[in-house]
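Engineer: Here is how the chains run, residue by residue.
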Amino acid sequence: MNSTLTPSATGELTSANLLTVCGVGRAGARILQQLAPTLPGCGLWALDSEVQATPPDPLISRLEIGARMTRGMGCGGDALYAQRAAEAELARIQERVRPGLFVLLAGIGGGVGAGMSPVLARLARQAGALVVAVVIEPFDFEGGLRHRNAEQCLVALQGTCDAVIRVPNQAVAGLSPETTAVQELMALADQHVVQVVEGLLRLLRGPSLIPVGLAELERWARGRQAEGVAAFAAAQGPERVQTLWTALEQHPFLQPASRLEEAGGVLLYVVGGPDLRLDELELLQQELRRCSPRAQILVGAGLDSSVGGRLIAFLLAVRDGVGLPPTTSERGMELAQQRPTPVKSLMFEDANRSGDSRGTGLDLSSMVRDTGRQRVSLAGSRKAQQQQFNFVPPWTGRFDSAEGTLHEGENLDEPTFVRRGVKLN
Amino acid sequence: MFEPGQIFVGLEIGTSKVCAAVGEVADGGELNILGLGQARSRGVRKGEVFDAEKAGEDVRQALGEAEEMADVTIESIYLAVTGRHLECANYRGVHTIPTVDRAIDAEDVQLALRNAKFQSCPAGAEIIDSVRQDFLVDDHAVYENPVGVVGSRIEARVHVILGHANRLATSRQAVEGAMPVRVEKPVFSGLASALAVLTTEQKHAGAIVIDLGAGVTEFAFFHQGLLRHSGALAVGGDHISNDLAYGLRVSLSRAEELKLAYGTALVRKENDEVLSGPTSGTGLTDRPVSLGKLERIMTMRLEETLELVALRLRGSDALRLATEGVYLCGGGARTPGIAELAHRIFQLPVHRGLVQSVSGPANVLENPEFATPIGLVRYGAMRSRQRPRPRFFSRLTGFAGLGSRRSLLS
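Here the protein sequences line up with chains D and R, keeping their order.
Reading the first sequence from the start, the letters are residues 32 to 456 in my numbering.
Reading the second sequence from the start, the letters are residues 846 to 1255 in my numbering.
Any given hint might turn out to be false.
Said to hold, decoys possible - Here are some chain D residues pointing at chain R (derived, C-beta under 7 Å): (1) 428; (2) 446; (3) 455.
As the list claims (entries may be wrong) - Residues of chain R placed beyond 12 Å of chain D at every Cβ, according to the derived structure: (4) 946; (5) 950; (6) 952; (7) 970; (8) 1000; (9) 1025; (10) 1069; (11) 1097.
No lab work stands behind these hints: they were computed from the structure.
Note that the coordinates shown come from a computational prediction; the quantities given were computed from them, not determined experimentally.
In this text, a Cβ means the ideal position worked out from N, Cα and C, and glycines have one as well.
Bound conformation, chain D alone:
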């Protein structure tokens, strides 16, 4: 049951070991196989508990975990069992992880995907990698167990990854006509995941006009603990940039539209031919700014003469989580990062204008807008928590059952002092 992978070299990041892609579980391995031909030179490996789950592929190295516990069979959908199996053989996994960009692919309805992904993500992060998980969520019809697996796994992943990109199968189904066969839908979902990884790779390695390198990506994503969605669009013709934006804005994964509004970070990478114009990029940037007023926006542009007259866009919208304490390898970076706090405190503006603390008797130093961290300390716990699209809504008291009043991604029903992160004592 020995792996064929030699222990990877850490140290200098070269373009060859920049990207590691790991498929966890059966779905992960399946997608990895589709990806393999397009990712020469990247570290590709599959993690599974079943020996015969996937046919061998020369491009992909395999790591079988928990073979003793499961006697080479699967985990039967039991995420806890898979997690224990992975934890029992931590050292073997540890050998395979390395710094750079670590992309984790998994279907998180199944036991291995749900149980082993968080363990793997944690180890990769400890090794200093920027961890991005691209996870496929089960269809609604797949039933309670798989959904519970997915939910628990999402929570765990958000606590360990730098970004979690969700690909909900059910939303994929919304993309195609109702009569589409399940097999085709799953292929579509796989295709989407493949596109995400290819998009990331293109971003990091493709010939760039406005490059977004690992450093930029890292600064953008690191510590965000975000969860989000990725969308793709392509357009051509005279009004291609407008068409492109409309397609992105109306992308089913970005619905409801408040997703863009609530986003804490948006990354847009546009690939065009030599005819890519500045005003097109400017327009996209302006539209993004309008739709996501709070977000830290990162726009990159790539050059690819093979696209012809088309424009291809890759958009990643994530919502901020609270942030984890930095791992040892990134503590030094933390100081250098100092991402500008998105100060949108009306009090601040006004205090600057009138030149005093406005007679409100508030200690301005206590009002630095870092709501997330403050909220954690209010709750009296440093445990990493996530802001989520659907798991933990903010406290809104009597308005809990009412439709929220959103303004620039904030729910105005939540007390003002909580949103501004003001401590009362």
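Following the hints, position chain R against chain D.
Structural biologist: Below, chain R without anything else, positioned relative to chain D:
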């Protein structure tokens, strides 16, 4: 013109209370308030009816009271609507005149206006009101009334107030299902309050009215006699109580009491007094609360609310043009210090909005909470002045609705 003795009724199903006002147009066009009725509102949240049955009961009580006081039978009412589903924005509509060198006539104007409204209205939405602003002829000159001007392209700018059709129907149904009355027309309640509070001169000079309600804060900006901008923000007094309940860890009802007794829009620096709680019926004492905290929580919410209103008004240049200043009405206008806070945010003179040129019981006219229903009565009176009542007459002359919007809200 007015028919003396004509009676109009305004009804507001507010978040904290349901108010009705019955008014009569006197011979000289003056409004006289004959009756008022109110009831505690139980079926409304953030300005929208969520329990139609309870709201219906409250409507019955308020209208019944008003009927009794005015000694009339109410047949039709104007209904105030608000909530986050409302959308107020300025739209443009274009109409091209097919023949060369033809003077623009009334029909062209109507078509341009209609195009503007059409453009504004997505599926599921209903236009509550639309106010024409001005016209561009051939992309340059600005006219208030372009009839008779020669041009080939006319562009109308219109301020449109849109609502969600189903939610409007819910409010309407709550009234019509509870009592045998007809809802004449829904009216944006921010507009109604402004009509009650502002005089004609103030509307011409430029003024902003902010209605600080329990569930929704509405604003309306008038300039040159026309409604230029308006809007509703689904944040109000209930949010203050909610914040206080959370921040001070007291029950909602205690938070409400504390807000009314000690509420303020300004933090007094030295205030770190601690209030010991009253002894309740059970013999247990409520949590003591710090006045300083209460003031800070409340100030932050009020400040944010007004800042958001200012933010929305900034786009229409209202803060520069509103030379008459800001008029505050609604329950929130009673908050001590709110005028100072508003002055600091808007940098304009701030006044308590009082109901204007209406006769009636003095205590009612000075009460900022009654602005909306009284404004509805005035809206009704203005509308009937616009529309000659016998319909067939207008059809015969072919002047149906011509120019009606122009002076409606002036």
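Engineer: Each hint needs a verdict: does it hold in this structure or not?
Structural biologist: Verification of the hints:
no.	hint	in the structure
1	428	holds, 4 Å
2	446	holds, 4 Å
3	455	holds, 5 Å
4	946	holds, 35 Å
5	950	holds, 36 Å
6	952	holds, 34 Å
7	970	holds, 16 Å
8	1000	holds, 22 Å
9	1025	holds, 31 Å
10	1069	holds, 30 Å
11	1097	violated, 6 Å
Violated hints amount to a single one, hint 11; each of the other numbered hints is respected by the structure.
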